[in-house]
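Chemist: The lines below spell out each chain.
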Amino acid sequence: MGRCAFQDPISENMTEVAAHTDGHDHGHHDHPSWLAHHFDDAEQQFDSGKLGMWLFLVTEILFFSGMFCAYVLYRNRNPEVFEFCSAFLNEKLGAINTGVLLFSSLTMAWAVRASQLKQHKLLVGMLGATLGCAAIFLGVKSVEYTHKWSLGLLPGRMYVAQMENGYHSDVDYLTPLCIAPAVLTVLFALYYVYSLVIASKFHQRVAGPLLVAGLCFFGGIYLGQFIEGGEHHGDSHGAHADAGHGEHASHDEEHAKEAGSETPAPAEASAASSDTGVALVSTSSGPLHDVAVDPKEAAIPNAEVNNQGMAGLFFSIYYCMTGVHAVHIIGGMLVISWLIVKAAREEFHSKYYGPVDNVGLYWHLVDFIWIYLFPLLYLIT
Amino acid sequence: MSAVTTPITAPTTTHDGATEHHYLNHSSGFLSWALTLDHKRIGMMYLAGILFAFFLGGVFALAIRIHLWNPNQDPDAAWLTNATYNRVFTLHGAIMVFLFIIPSIPAALGNFLLPIMLGTKDVAFPRLNLGSFYLWITGLIFFAYTLFSTQIDTGWTFYTPYSIEAKSAVEAATLGVFILGFSSIFTGLNFIVTINTMRPPGMSWFKMPLFLWALYATSIIQVLATPVLGITVLLLALERTFGIGIFDPSLNGDPVTFQHFFWFYSHPAVYIMILPAMGIISELMSVHSHKGIFGYRMIAYSSIAIALFGFLVWGHHMFTSGMADVTTIVFSALTFTVSIPSAIKVFNWLGTMYQGTVALNTPMIYALAFIFLFTIGGLTGLFLGALATDMHLHDTYFVVAHFHYVMMGGTLVAFLGGLFHWWPKMTGKMFNDPMGIVSAAIVFVGFNLTFLPQFVLGTRGMPRRYASYVPEFQSLHQLSTVGACILGFGLLVAGLVLLHSLFYGKKAPMNPWGGATLEWECSSPPPHDNFSHPPAVGDPYDFANVEYDGKTGGYYKKKK
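In order, the protein sequence lines correspond to chains H and S. Everything in the first sequence is counted per our numbering, starting at 1 for the first residue and increasing by one. Everything in the second sequence is counted per our numbering, starting at 1 for the first residue and increasing by one.
If we strip away everything but chain H, and leave its shape as in the complex, we get (with noise of 0.2 Å):
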């Protein structure tokens, strides 16, 4: 009986050497580099991750119906407070959003196809498309963000009460939130004029999808404040948008647009005064989003539901929805970045272009759950 039944010397050997050379356990010779060693076959891995991907994506949505049974509950609970304070989220804003993640699916899912055929410049052209996509979604989400702070609308404890005639933090929250993106954006552009001048193709091909990501994250700054600015345009919050657009102009060597939104179109103005607009508070059935009310007449805030315990806990799980998904944006853009390099390296190929597949997957449901997050936050009443 030898030590082990299934075992013969050779390989055992094979085992050893390729594990003392380069670290790995590659131990079989008809194993080639993409094949890990404890698989038999590419179908073997290819299902093993497709199957491990499905699994966390299961859980990913347990993660989130958490948050939606909340939902429910104090929905059901409450639907009047859910009708108030949906009317102070920006319905434009979330639906260039929802707009800007399903493009960035289409080409996520183009992305998976280029793998396949070995088309590698479109495989990182389509990646660094869906990673600008995420950095617009989430330079859009800052602006909406920043904007309801400034507003008093917290979660919870912090909820400030929207008065009649508007509360107004003067603190700038866009500028901090834009540090480390302003940072990043700066080091990508760096690297891109370092990979040009050491004229490498593989640099490139990682630096420009970076840097592009990086502008897109500005330029999705630029597009909501243009369209928050618009809808505020003439009424007491337009010094909050100039003191944001002041701040803007101080990016503007990243993304070198001037841009004033003193001056917004005319279309986008006319829009905004039929729209009662994000601070504007409620009548006492509701705000009537799409009736061109003055928001001024019409608004006397609703102490019953204008209250820390009560609107305030719908932001609760406003942040707390849009906050994970957003983290969740945040990963995916990590692991699109890494499918990047290994894009620019041309590593996959018909057998092997799992990694791209799964990621797909993941941002699919990233994706996805937005799509539900769209309607039952923005397009409540």
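The set of hints was computed from the structure by calculation and includes no laboratory data. Do not rely on the hints blindly, as some may be mistaken.
[To be verified] Derived, one-sided and incomplete: chain S residues facing chain H with beta-carbon distance under 10 Å: (1) V223; (2) T232; (3) L251; (4) S321.
C-beta: ideal position from N, C-alpha, C; glycine also.
We have chain H already, so just place chain S on it with the hints.
Modeler: What follows is chain S alone, placed relative to chain H:
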């Protein structure tokens, strides 16, 4: 392979006594362990980690019992202050549940054994596996932080609203639980994928050892239930940081919602703890009775049934929390359904021993102790599942005794049985069997002495988690404390027996017990890659060809 420098000699057989290559001496150095992707080494690191956590939790348990030696009617004269007592029982519960019992069998024994029993080289995602281990370490660090800062005093359940107001390190503890949860999820995910996609030719679902069925059922629960706990504790941490109010009654939030979310995980988590233990017992019963398992398919299906039913019974923790009457009745009825698959298993184990050649060695003694203790634990659960009696017994020592009989008498004893059973495989050393039996006997006696009096205390109205009690309970409390010390001594003996074997143990044969599953067809300890070729898979409980070999002191499979 141009990189070949020195040819490595072919592995020698166990009979020659020459050096052989196995996973322990495959490579050396700290990094070869810290960065290993080998499931066996990861399993061993988990084993060391969870035993450390168990020691820590055990010290807290003894502190609780020693404190309760006296009725402590005068808090100033008590051994521990009331605040310290609260912290001690919280840390005991939290460490034992999150750091020890949940990862104990799946992460330590499961990691080591699952690929070998299945006949594969590794789990499907070795890097993720190592990542799970480091997540566990990170969770441990968070708990260590709570130990050395303001310790938590909320109880391991973190019930709101107290956990929102408590001036202690609830954030660190909940983030620790969050991280440990992901460690658990990734282990479960890894196991499911491995079993689904990596079974070698011939290893059909019903050729799998029952331990793997149990791990599979456990993994399903880990993957489906743990995320809900993750979001719950995350919301609790946010509650404390930002005052979001979802669970805070002062902000119109609902604290009972927290209980629902918490038990939606934590009840299935009970089955995360007990199912793998049942899997171990299925193996032990069959191997040490030298007889095929009775009712293989029923045991396999009942594991899955327990996993699924387990999701529908969480409300029985909350009968007194103010649920609607109809809801409590439904939850009560569903609770009773879980007893059916559990009873199926117990009867099948007894049927396995019937007319078998039962070898009364250490693992088997632990397995027999399991059946005795788990049956008591299971049957007393029925009192708590019944609405009328639960009203009386809720939050008393009866509950404490019940779940210790299931968790400790069940899971821990099975874990020890499994550890002794696979110890020769994992370390290549035989332990001192008579001393192992002694340890099992001491554990058994100490355990019953600790927790049987607690059933009586509970029915007489002793509430759980109290630092003081009326003097008439003192004799029962003192019995329990004496039992706890005996139990601790028994565990110490068990630990010493294992430790002794590492240094002075005889070399273990390939198959010391006469098992027919695949792990016994590898050397002890197994080689680095487990199997270079897919192994020949047969019936895991067919002992007809397993013969004793006097030369090695072990068994071997006769070639047909």
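Chemist: Hold the hint about T232(S) up to the distance rule: shortest CB distance to chain H must be less than 10 Å.
Modeler: T232(S) check passes; min Cβ-Cβ to chain H is 6 Å, inside 10 Å.
Chemist: Would the hint on S321(S) be counted as holding, given a Cβ-Cβ threshold of 10 Å to chain H?
Modeler: Not OK, violated: S321(S) not within 10 Å of chain H, min 15 Å.
Chemist: Return the status of the interface hint for L251(S): holds when the least beta-carbon distance to chain H is below 10 Å, violated otherwise.
Modeler: holds, 5 Å
Chemist: Quick one, is the V223(S) hint okay against chain H at 10 Å, beta carbons?
Modeler: Where the cut-off is 10 Å and the nearest Cβ of chain H is about 6 Å from V223(S), the hint holds.
Of the numbered hints stated above, the single one contradicted by the structure is hint 4.
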